[in-house]
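**Q** The lines below spell out each chain.
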Amino acid sequence: MLTQRSKLVVKREMSLTERLYLPAIFNGLKITISHLFKRKTTIKYPEETRPVSPIYRGLHVLKRDEAGAERCTACGLCAVACPAEAITMVAEERKPEETHLYREEKYAAIYEIDMLRCIFCGLCEEACPKEAIFLTDRIIPSTYDRDSYVFGKDILVESIEAPVDVTKRQTQEVLEFKKDKKHYHNRTFNDAIKKSGLSGQK
Amino acid sequence: MELLVFKALLVVVVFLVSLGVAAYATYGERKIAAFLQDRVGPDRAGPFGLLQPIADGVKMFMKEEIIPSVSNKWLFILGPCIAMLTASMTGVVIPWGGELSIGGSKFDLQIVDLNIGILYLLGVVSTGVYGIMIGGWASNNKYSLLGALRASGQMISYEIAMGLAIIGLVMTTGTLSLKEIVHLQDAGYANIVYQPLGFLIFFICAFAELNRAPFDMPECETELIGGYHTEYSSMKLGFYLFAEYINMFISSAVIVTLYFGGYHFPFESLTGLEGNLLTLVQVLVFMGKVFFFMFFFMWVRWTIPRFRYDQLMHLGWKVLLPLALINIFATGIIMWLNGSLN
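Read top to bottom, the protein sequences are chains A and B. Just so we're aligned, residue 1 is where the first sequence starts under the working numbering, counting upward by one. Just so we're aligned, residue 1 is where the second sequence starts under the working numbering, counting upward by one.
Isolated chain B (complex conformation):
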């Protein structure tokens, strides 16, 4: 019973935190974009423009809601719902910190430790394609459909390389549970040391999965007006945009968990921290790492121009996929030579 209450509370907290982070990621994105372009960015709403996300949210709610008469109404509404749902579902398996002891009993700061955590992640992420595809299809608009086709083509192509990149990691760690992967990184080095190529492939694929620059073809304004969300307005558009930022937060968290030691930090045992204080520091360290990767996503967005669609497919199928396969074989050979393969 106690456990159930704690988990329910944790679900709410994780959901709210990812919403809050996503809201402020829009602010961060605008600020970083401005700074990288020698501008100031939003600074009118509140001190340093900190109330800007709230103003944007209110604006989104107040906008007129348009459902095109030629669209399939139910699917049109379902699209952003799926996008939002899958975005917020991925946070479930991520270990946010170590153990928290409340009144003598200990609780894990992870909603559920699935023994197939990585498979769950990949599954949920690939369901996210449906949100975009259904939205684009139901709009009954050629730009939306083309955007949706591009998006699903891109996401499906890069999921393969992504999955294969993770296989190398699974081989070295020997587990699919994210909790165990984090624990293994506490004992030795972070997984980036063992899987640099795998990380690179995973990271590039993460950009493509998130539909972020330089892989933001599904919504490129110059060619497709708005891509799959051309026909969307009001909070339904807000859901799509919001889902994207939640995805960015979660995938940064996944990258940190898989390759950068999760909530552990170097020389953790030397600090002499214990109990809830240690857990708090761990959560803060984890968030710091996640924010760095979110910054990196934004940094890259304002640096590199968009790929052409054929270049994208070339990179996905003819470069990343073979590289991921090579990574698997190289990992296997090295493990065999090491004798860690029994």
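In isolation and in its complexed conformation, chain A is listed as follows:
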């Protein structure tokens, strides 16, 4: 009453047609039958997939270079960058006979991502100085136990026969950005030494 905004609720008697209930039922039936002929919204998943963004962040891939050698050098920057601490790796030194397998002198003997921890933020990809790890538009298959969600190199490393296309995520802009030394994670060890002036003393 103070605000003059209160409304008087009228409990109106229902009219005869409303009380008969049958007209309302027929209206309802009309609505439901119209849906019989409407386009179904179901996506039949395994055969049909929902369209995803070209830069969708799904299952990771560990890239190989043009010669088919693994690019990853087990520097651990991805593991450091990972906010979910999903990445584990064990580094190993390359033997002379393994030059065709690994690009540089150091490589990851074990590289594991726990897909249940991973939040698919893509920071590992941003941190990688060797263009080795990328997120792809592939979807992680579901399984019944937690252990099988820890993906090792057998799943993550791309096969030589069927390389995974990452050109949509590895654009020119991204490459330019990665060269920008303003960002801490873009600096290599050598850059860091140069900046600190330690190289002069050596």
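Since the hints were derived computationally from the structure, they do not count as laboratory data. Where hints are given, some of them may not hold.
[Unchecked claim] Pulled a few chain B residues facing chain A out of the computed Cβ check, cut under 8 Å:
1) F35
2) D38
3) L184
4) Y194
5) W302
6) I304
[Stated by the list, open to error] Under the rule of at most 30 Å between Cα atoms (straight-line distance), these lysine-lysine pairs were calculated in the DSS-like manner:
7) A:K178 - A:K63
8) B:K7 - B:K106
9) B:K318 - A:K30
10) B:K59 - A:K44
11) A:K95 - A:K106
12) A:K153 - A:K130
13) B:K63 - A:K11
14) B:K63 - A:K44
15) A:K178 - A:K153
16) A:K40 - B:K59
17) A:K63 - A:K40
18) A:K40 - A:K106
19) A:K153 - A:K95
20) A:K168 - A:K178
21) A:K11 - A:K40
C-beta atoms are modelled at their ideal positions from N, C-alpha and C, and glycine is treated no differently.
Given chain A, put chain B in place with the hints provided.
**A** Same frame as chain A, but now just chain B:
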């Protein structure tokens, strides 16, 4: 002897057909529900999911069978048996088609033409309450008992209006035999023309008798978990669910027989069909009509929400029962004015 063999064969055929139709009614129900909700429905088992009822049946058989230790074991088993028995008994009096001539002798496509066919139907249908009541009582579970009480209260209440609605029909046709009712509709119009109000009451009561939405209180999941079949598992539950779909098939057939000309179709004499071909077409027409009504049952289920129990009783006793009585009197007065009442 010949007749006996034919009738025995017909019994088996009718039983198998009603089982098959009931099985595929579950598939149809799921498909129609899905379509009305802009979904696709079961489509994994076989082409268009056509093997789904078989998969469901196998699933039902494979499930663990639980008989609660506090239940009355014999009654617990008897419940679904009665439900299934009464469901499959009603198909006996329904005329499925005209005459079939095999090797010179003619046979009716009706298992038995009882001269009290309608009374038999009502009798068997009211026995069906026992299946639900015994099942709910024997479970020794309060949800089951409440569901059974609701179901029997509902079915008994609506049987009265249903019976009275049929009386109007019996007055106009002057017979209780379903065969004769169908024949009378061949000569003139279908009975729906003479008994529109009676049909409406009968149809609404059929929903209630079948425990289907909007009268599916006996088994409403939100209030009573599963109603009278809460404690049932495996094929005993399957029997209850199956009996419901057989009932739906049979009651659609009864509606078609009583009000929509049975197996006759418009301009039947003009088509020039004769003999067994005509009978075949008649059976197909009959099944088409029945399937339409089964579709209508499903269509309504996915349109209207459930009644409250007091609304249900209000509708049954204070609306449908007086309307059915008015229908009887109106029919009588019109027949008296027509002079067809002698």
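**Q** Against each hint, give a clear statement of whether it holds in the structure.
**A** Tested hints:
Hint status for B:F35 relative to chain A: holds, with the closest Cβ pair at about 5 Å, below 8 Å. With 8 Å as the threshold, the beta carbon of B:D38 comes within range of chain A, its nearest partner Cβ sitting at about 5 Å, so the hint holds. Of the supplied interface hints, the one on B:L184 is violated, with its beta-carbon coming no nearer than about 28 Å to a beta-carbon of chain A, more than 8 Å. Because the beta carbon of B:Y194 sits about 20 Å from the nearest beta carbon in chain A, more than 8 Å, this interface hint is broken.
Interface restraint check for B:W302: the shortest CB-CB distance to chain A comes to about 6 Å, inside 8 Å, so the restraint holds. The closest approach between the C-beta of B:I304 and any C-beta of chain A is roughly 6 Å, which is under the 8 Å cut-off, so the hint is satisfied. Our distance criterion of 30 Å between C-alpha atoms is met by A:K178 and A:K63, whose separation comes to about 17 Å. With a CA separation close to 12 Å, the supplied pair B:K7 and B:K106 stays within the 30 Å bound.
At most 30 Å may separate the alpha-carbon atoms for a hinted pair to count; B:K318 and A:K30 meet this at roughly 28 Å. For the given pair, B:K59 sits about 24 Å from A:K44 by alpha-carbon distance, which is consistent with the 30 Å threshold. Restraint check for A:K95 and A:K106: satisfied, since their Cα atoms lie roughly 9 Å apart, inside the 30 Å limit. Taking the CA atoms of A:K153 and A:K130, the gap is about 17 Å. The hint holds against a cut of 30 Å.
Annotation: proposed proximity of B:K63 to A:K11 is violated, straight-line Cα distance about 52 Å (limit 30 Å). Proximity of B:K63 to A:K44 is assessed by CA-CA distance (about 28 Å); at most 30 Å being required, the pair is judged to hold. About 25 Å separates the Cα atoms of A:K178 and A:K153, which keeps this hinted pair within 30 Å; it holds. For the proposed pair A:K40 and B:K59, the alpha carbon gap of about 28 Å is at most 30 Å, so the pair holds.
Under the criterion of a C-alpha separation no larger than 30 Å, the hint pairing A:K63 with A:K40 is inconsistent with the structure, at around 40 Å. For a cut-off of 30 Å, the pair hint linking A:K40 to A:K106 is broken: about 54 Å separates their Cα positions. Among the hinted pairs, A:K153 with A:K95 is consistent with the structure: their alpha-carbon atoms are about 19 Å apart, no more than 30 Å. Annotation: proposed proximity of A:K168 to A:K178 holds, straight-line Cα distance about 16 Å (limit 30 Å).
For the hint linking A:K11 to A:K40, the alpha-carbon distance of about 40 Å lies beyond 30 Å, and the restraint is violated.
Going through the hint list in order, the structure does not satisfy hints 3, 4, 13, 17, 18, 21.
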